[in-house]
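My request is simple: use the sequences and hints to build the entire structure.
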Amino acid sequence: MIQYQDSMFEEFWALYTEAFPEQQRRKESQQRDLIAFEKKYHLEMIDFEGKIVGFLAYWDLESFIYIEHLAIDKSMRGKGLGGKVVKEFTQKWDKEILLEVEPPTDEISKKRIDFYKDLGFHLNHFPFLQPPYDPQYPQIPLLFMTYKQTYTRPAFSIFKTKLIYEVYKRKNYKTIR
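With the first letter of the sequence shown counted as 1, position 125 gets the number 125 in UniProt numbering; the numbers rise by one all the way through.
Please note that a few of the clues may not be correct.
[To be verified] Below, computed lysine-lysine pairings styled on DSS-like, alpha-carbon distance capped at 27 Å:
#1 Lys-169 - Lys-84
#2 Lys-39 - Lys-160
#3 Lys-51 - Lys-95
#4 Lys-148 - Lys-84
#5 Lys-39 - Lys-79
#6 Lys-148 - Lys-87
#7 Lys-79 - Lys-92
#8 Lys-74 - Lys-160
#9 Lys-40 - Lys-79
#10 Lys-51 - Lys-148
#11 Lys-95 - Lys-74
#12 Lys-95 - Lys-169
#13 Lys-40 - Lys-27
#14 Lys-92 - Lys-39
#15 Lys-95 - Lys-84
#16 Lys-92 - Lys-27
#17 Lys-110 - Lys-39
#18 Lys-51 - Lys-74
#19 Lys-74 - Lys-111
#20 Lys-87 - Lys-51
#21 Lys-171 - Lys-160
#22 Lys-171 - Lys-117
#23 Lys-27 - Lys-39
#24 Lys-51 - Lys-79
#25 Lys-111 - Lys-87
#26 Lys-110 - Lys-160
#27 Lys-84 - Lys-110
#28 Lys-171 - Lys-40
#29 Lys-110 - Lys-74
#30 Lys-160 - Lys-148
I should point out that these hints are in silico values taken from the structure, not numbers from a laboratory.
Here it is, written out as structure tokens:
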């Protein structure tokens, strides 16, 4: 992986918009501001043979790392690159790492959960309603996966609160059904 540079924005944006539906991503202006001004947000580009083929976006939230987005170019999927990237990423941190996934309601969501389980993540069965990036969209029901271990509801509550305030920039927000 290589550190994001401003000259890579168009490649990043093409991958981001191809991999994530509109309700699961920020608007372009919001994303540009986040990259430019948010010190806790980090973007690493995935380079394969001199070409940008993916990215990993994460937040360093002091006590834990939150992987917000991981995307691999559709022409490179299924070749082990995503797993290699996640393995390398998890090995460089001593902190807890967490990410969000859709509940296992269809084949794609089940495969995604299994992908992360194979890499050492554990599914935590505490429902979470993700605030929308854009208020025109509804909340998204998600579950958390954590690296190395599962968590109790009180510990999960700490993660959730930090995400709501620092990543989603919301206050007084109900996130559990």
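Here is how each hint holds up against the structure:
no.: 1; hint: Lys-169 - Lys-84; verdict: violated (31 Å)
no.: 2; hint: Lys-39 - Lys-160; verdict: holds (20 Å)
no.: 3; hint: Lys-51 - Lys-95; verdict: violated (30 Å)
no.: 4; hint: Lys-148 - Lys-84; verdict: holds (17 Å)
no.: 5; hint: Lys-39 - Lys-79; verdict: violated (32 Å)
no.: 6; hint: Lys-148 - Lys-87; verdict: holds (12 Å)
no.: 7; hint: Lys-79 - Lys-92; verdict: holds (22 Å)
no.: 8; hint: Lys-74 - Lys-160; verdict: violated (31 Å)
no.: 9; hint: Lys-40 - Lys-79; verdict: violated (31 Å)
no.: 10; hint: Lys-51 - Lys-148; verdict: violated (32 Å)
no.: 11; hint: Lys-95 - Lys-74; verdict: violated (30 Å)
no.: 12; hint: Lys-95 - Lys-169; verdict: holds (22 Å)
no.: 13; hint: Lys-40 - Lys-27; verdict: holds (19 Å)
no.: 14; hint: Lys-92 - Lys-39; verdict: holds (19 Å)
no.: 15; hint: Lys-95 - Lys-84; verdict: holds (19 Å)
no.: 16; hint: Lys-92 - Lys-27; verdict: violated (30 Å)
no.: 17; hint: Lys-110 - Lys-39; verdict: violated (33 Å)
no.: 18; hint: Lys-51 - Lys-74; verdict: holds (14 Å)
no.: 19; hint: Lys-74 - Lys-111; verdict: holds (16 Å)
no.: 20; hint: Lys-87 - Lys-51; verdict: holds (20 Å)
no.: 21; hint: Lys-171 - Lys-160; verdict: holds (12 Å)
no.: 22; hint: Lys-171 - Lys-117; verdict: violated (32 Å)
no.: 23; hint: Lys-27 - Lys-39; verdict: holds (19 Å)
no.: 24; hint: Lys-51 - Lys-79; verdict: holds (16 Å)
no.: 25; hint: Lys-111 - Lys-87; verdict: holds (17 Å)
no.: 26; hint: Lys-110 - Lys-160; verdict: holds (23 Å)
no.: 27; hint: Lys-84 - Lys-110; verdict: holds (20 Å)
no.: 28; hint: Lys-171 - Lys-40; verdict: holds (18 Å)
no.: 29; hint: Lys-110 - Lys-74; verdict: holds (19 Å)
no.: 30; hint: Lys-160 - Lys-148; verdict: holds (18 Å)
The structure shown violates the earlier hints numbered 1, 3, 5, 8, 9, 10, 11, 16, 17, 22.
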